[in-house]
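With these hints in hand, go ahead and build the complete structure from the sequences.
So the protein sequences, as listed, match chains D and R. With our numbering applied, the first sequence has no gaps in its numbers, which climb one by one up to 713 at the end. With our numbering applied, the second sequence has no gaps in its numbers, which climb one by one up to 713 at the end.
Because the hints were derived from the structure by calculation, they are not lab data. Quick caveat: nothing in here was measured; it's all calculated off a predicted structure. Keep in mind that the hints are not guaranteed to be accurate.
[As the list claims (entries may be wrong)] Sample of chain D residues at the chain R side, in silico, Cβ under 8 Å: (1) P468; (2) E469; (3) S620; (4) A632; (5) L633; (6) V635; (7) A636; (8) D637; (9) V638; (10) E639; (11) R655; (12) S688; (13) Q692; (14) T709; (15) H712.
All C-beta atoms in this analysis are idealised placements derived from N, C-alpha and C, irrespective of residue type, glycine included.
Each chain is listed here by its residues.
There are 2 protein chains.
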Amino acid sequence: MPEDRPPARPPHGQTSPPAWWERRILRAVLAGMGSPPVTVVLWNGEELRAGSGEPVGRVRLRERSVLRDFVRSPEVAFGDAYCDGRLEVEGDLAGFLIRTFRPGRHGAAWLRALNRVLGGRPHPHGARRSRDNVHHHYDLGNEFYAMWLDERMVYTCAYFPTPEATLEEAQLAKLDLVCRKLALRPGERVVEAGCGWGSLALHMAEHYGVRVRAFNVSSEQIRHAREQARERGLEKQVEFVEDDYRSITGTWDAFVSVGMLEHVGRAHYRALGQLIDRSLGPDGRGLLHFIGHTRPTPTSPWLERRIFPGAYMPSLREALAVLEPRALAVADVENLRRHYALTLRHWLGRFERAADRVEAMYDARFVRMWRLYLASSLVSFESGSTQLWQVLFTRSADTAHPWTRAHL
Amino acid sequence: MPEDRPPARPPHGQTSPPAWWERRILRAVLAGMGSPPVTVVLWNGEELRAGSGEPVGRVRLRERSVLRDFVRSPEVAFGDAYCDGRLEVEGDLAGFLIRTFRPGRHGAAWLRALNRVLGGRPHPHGARRSRDNVHHHYDLGNEFYAMWLDERMVYTCAYFPTPEATLEEAQLAKLDLVCRKLALRPGERVVEAGCGWGSLALHMAEHYGVRVRAFNVSSEQIRHAREQARERGLEKQVEFVEDDYRSITGTWDAFVSVGMLEHVGRAHYRALGQLIDRSLGPDGRGLLHFIGHTRPTPTSPWLERRIFPGAYMPSLREALAVLEPRALAVADVENLRRHYALTLRHWLGRFERAADRVEAMYDARFVRMWRLYLASSLVSFESGSTQLWQVLFTRSADTAHPWTRAHL
Chain D
306 MPEDRPPARP
316 PHGQTSPPAW
326 WERRILRAVL
336 AGMGSPPVTV
346 VLWNGEELRA
356 GSGEPVGRVR
366 LRERSVLRDF
376 VRSPEVAFGD
386 AYCDGRLEVE
396 GDLAGFLIRT
406 FRPGRHGAAW
416 LRALNRVLGG
426 RPHPHGARRS
436 RDNVHHHYDL
446 GNEFYAMWLD
456 ERMVYTCAYF
466 PTPEATLEEA
476 QLAKLDLVCR
486 KLALRPGERV
496 VEAGCGWGSL
506 ALHMAEHYGV
516 RVRAFNVSSE
526 QIRHAREQAR
536 ERGLEKQVEF
546 VEDDYRSITG
556 TWDAFVSVGM
566 LEHVGRAHYR
576 ALGQLIDRSL
586 GPDGRGLLHF
596 IGHTRPTPTS
606 PWLERRIFPG
616 AYMPSLREAL
626 AVLEPRALAV
636 ADVENLRRHY
646 ALTLRHWLGR
656 FERAADRVEA
666 MYDARFVRMW
676 RLYLASSLVS
686 FESGSTQLWQ
696 VLFTRSADTA
706 HPWTRAHL
Chain R
306 MPEDRPPARP
316 PHGQTSPPAW
326 WERRILRAVL
336 AGMGSPPVTV
346 VLWNGEELRA
356 GSGEPVGRVR
366 LRERSVLRDF
376 VRSPEVAFGD
386 AYCDGRLEVE
396 GDLAGFLIRT
406 FRPGRHGAAW
416 LRALNRVLGG
426 RPHPHGARRS
436 RDNVHHHYDL
446 GNEFYAMWLD
456 ERMVYTCAYF
466 PTPEATLEEA
476 QLAKLDLVCR
486 KLALRPGERV
496 VEAGCGWGSL
506 ALHMAEHYGV
516 RVRAFNVSSE
526 QIRHAREQAR
536 ERGLEKQVEF
546 VEDDYRSITG
556 TWDAFVSVGM
566 LEHVGRAHYR
576 ALGQLIDRSL
586 GPDGRGLLHF
596 IGHTRPTPTS
606 PWLERRIFPG
616 AYMPSLREAL
626 AVLEPRALAV
636 ADVENLRRHY
646 ALTLRHWLGR
656 FERAADRVEA
666 MYDARFVRMW
676 RLYLASSLVS
686 FESGSTQLWQ
696 VLFTRSADTA
706 HPWTRAHL
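Right, here's the structure in full:
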């Protein structure tokens with residue numbers, strides 16, 4: 306991983322030592338983080354040691370305003386100051402976060418403290434708001450995502466048959482794993498809710514001979530997906546619909562949603578279950594692939610405010626609120642947490658290699674924001690703070706699905 | 306399947322036709338069952354047709370007292386009258402139940418009606434009460450169970466690599482599946498909660514080189530398990546403890562419980578989770594294997610009162626109340642519902658072949674009770690009314706467990 310870049314906004318000429326109350330704030334902030342053993346370099350060059358034992362990282366506060374922000378808006382102060390360049394982490398950011406975040410040591414307390422601050426506010430997820438939330442992130446431009454995603458533009462957890470597989474191989478393996486779990490048969494009809502750039506829909510049609518209708522509210526993604534369908538001669542088999550998943554109608558053999566549940570909002574799980582129930586025929590089955598937590602956990606405030614407005618990653622138990630009221634039977638659950646950590650390592654590596662081009666396209670702040678987002682996501686999967694579940698389900702009395710997992 | 310046997314208690318000499326109010330009760334009972342198309346033969350030989358369409362079965366009411374019981378205690382009237390021989394089902398009992406129970410047709414309404422009657426009463430599950438509940442069922446005598454279980458005496462859902470496998474092969478495959486899911490390594494230490502006749506503990510020790518401490522409150526089962534350990538020279542590797550799972554102490558590499566959660570009681574799920582959490586080391590993992598429902602469902606009153614006092618089969622969501630508060634991460638879930646239906650077909654077939662010997666050992670009423678229990682269980686798995694889940698879990702940040710399912 307490269308060194309952190311210099312900040313976009315040069316620090317003010319602040320050379321005076323910290324006042325007693327500034328020292329007190331800093332100690333309180335560090336204590337709130339569980340006192341990780343770090344060295345803090347202040348704006349005047351002074352070095353402070355926190356925690357006990359060998360320091361696991363160095364943090365530079367370029368401006369005293371960072372301390373003020375930790376009082377005013379503690380839940381986003383670290384992230385915002387990092388993005389602005391007022392706070393720097395020396396060396397490898399992900400490595401630093403891993404060392405300070407480690408659950409069971411000091412990291413968990415930090416996370417809990419951060420989470421307590423925010424609490425579980427309800428998020429608006431009407432169809433229009435969902436569209437706004439999605440545009441914020443997914444319409445940044447296909448060119449940007451093409452710089453660091455795999456060639457198929459898959460922006461969800463990959464499946465690495467072995468840890469040595471390439472990202473391209475692992476994303477292809479994931480698409481195929483989903484198809485095999487669904488036991489797709491030629492001629493069947495599949496509906497996809499939240500199709501990204503269309504890679505799964507196209508793969509299902511091309512390799513499993515099914516017809517697919519795929520929904521997505523991101524116009525940038527739908528445009529790319531339709532181009533792909535034309536190029537690969539799959540226009541008659543795959544229909545990409547620029548619309549909300551709530552507009553799904555008709556009866557289908559399979560329902561699939563990869564990486565959308567995080568944007569649905571808990572209040573809509575029951576309605577999603579109703580939609581799935583009425584969309585599936587008697588031998589219908591479905592797969593939900595989503596990021597979750599081992600127990601209910603508010604979204605990290607910085608992530609929710611700056612990266613994914615309205616996102617919520619449910620516990621498995623919360624997610625089952627989609628299926629349980631409709632008596633849909635969980636057939637198979639797999640946890641791909643470590644696969645997501647590895648996926649994020651690939652993404653972060655590719656992103657860093659493209660950082661100069663990203664900065665030219667946007668600016669240095671944007672680069673730091675995405676670096677922090679990818680690095681902290683990597684850390685949250687590696688540390689077990691987040692999990693990744695694929696949940697396959699059938700009708701409760703299904704007899705059509707394969708007898709064992711031998712087909713996987 | 307053999308014909309139903311004549312009742313133990315011969316019917317009273319009741320030959321007078323039903324009164325108007327008896328007809329009304331009968332119609333109400335049938336309507337409450339969803340009006341299945343059956344022929345009801347009354348004590349006086351009169352035949353009544355219920356539902357519409359071709360009759361799918363014939364029920365004989367040998368005594369008019371059955372109707373009175375349907376008013377007094379509707380939730381157990383069918384089962385009790387069947388066991389007493391006052392109500393007979395002509396021909397294959399399981400087939401009759403499947404045809405009348407089919408969910409989505411008329412059966413579901415019957416089931417719901419029955420369940421509504423009982424509601425969700427809390428069941429006492431203190432250590433002493435658990436012991437009483439278990440003695441009621443599991444201490445009937447090893448000789449009885451040996452008449453119709455497989456050679457290893459496994460009284461839980463088998464795993465059929467193909468539907469043609471024998472019960473012996475399928476139970477062996479199940480034991481091995483559990484061990485492989487747990488990824489047991491030689492020298493590791495495993496604790497088992499509710500070990501039945503010891504087959505899993507012995508298999509783990511013999512084939513995976515682990516040390517096992519296995520708990521069970523049934524003295525009959527523990528006696529048999531200890532004998533087996535002696536015979537197979539595994540006394541030093543496997544310790545069978547005649548005690549409640551709540552007496553588990555120490556730290557273990559794996560926690561396993563096959564077919565016990567149904568007897569734990571919802572009120573104790575959180576405490577079970579605490580026990581598991583404190584029993585597992587940092588790379589610890591566990592497996593819960595249990596009968597459940599797609600959504601919360603009161604135990605069938607007849608089953609609860611006559612067969613399994615205190616039993617409750619949770620929804621998957623309810624069962625996760627064990628793991629979620631301790632932040633244990635679900636790694637893998639598999640639904641073996643159809644395997645349990647097939648297991649029960651084998652058990653019922655073997656039971657029928659042993660019915661004469663069972664009757665000589667107990668009485669005809671006992672035979673009818675067990676026939677109804679096995680047949681109705683078979684039907685509830687076949688119809689999707691009950692499910693069978695194996696839930697594998699690890700620490701939330703586990704890195705020791707295999708990377709993929711290739712080891713399965």
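A quick look at each hint next to the structure:
Residue-level restraint check for D/P468 holds (minimum Cβ-Cβ distance to chain R is 6 Å; threshold 8 Å). Using the Cβ-Cβ criterion of 8 Å, the hint placing D/E469 at the interface with chain R is not satisfied: the shortest such distance is roughly 11 Å. Given hint, D/S620 at the interface with chain R, holds; its Cβ is 6 Å from that chain's nearest Cβ, closer than 8 Å. Because the beta carbon of D/A632 sits about 4 Å from the nearest beta carbon in chain R, less than 8 Å, this interface hint is met.
Using the Cβ-Cβ criterion of 8 Å, the hint placing D/L633 at the interface with chain R is satisfied: the shortest such distance is roughly 7 Å. Nearest Cβ of chain R to the Cβ of D/V635: about 5 Å, under the 8 Å cut. The hint holds. A cut of 8 Å between beta carbons decides the hint on D/A636: the least distance to chain R is about 5 Å, and the hint holds. Taken as an interface hint, D/D637 checks out: its beta carbon lies about 6 Å from the nearest beta carbon of chain R, inside 8 Å.
Here the hint on D/V638 is kept, as its CB sits about 4 Å from the closest CB of chain R, short of 8 Å. For D/E639, the interface hint holds, since its Cβ comes within 8 Å of a Cβ in chain R; the closest pair sits about 6 Å apart. Checking D/R655 against chain R by beta carbon gives a least distance of about 22 Å; that is not within 8 Å, so the hint is violated. Here the hint on D/S688 is kept, as its CB sits about 5 Å from the closest CB of chain R, short of 8 Å.
With 8 Å as the threshold, the beta carbon of D/Q692 comes within range of chain R, its nearest partner Cβ sitting at about 6 Å, so the hint holds. A hinted interface residue such as D/T709 counts as satisfied when its beta carbon comes closer than 8 Å to some beta carbon of chain R; here the least separation is about 7 Å, so the hint holds. Because the smallest distance between the Cβ of D/H712 and any Cβ of chain R comes to about 12 Å, over 8 Å, the interface hint for this residue is violated.
Hints 2, 11 and 15 from the earlier list are contradicted by this structure; the remaining hints agree with it.
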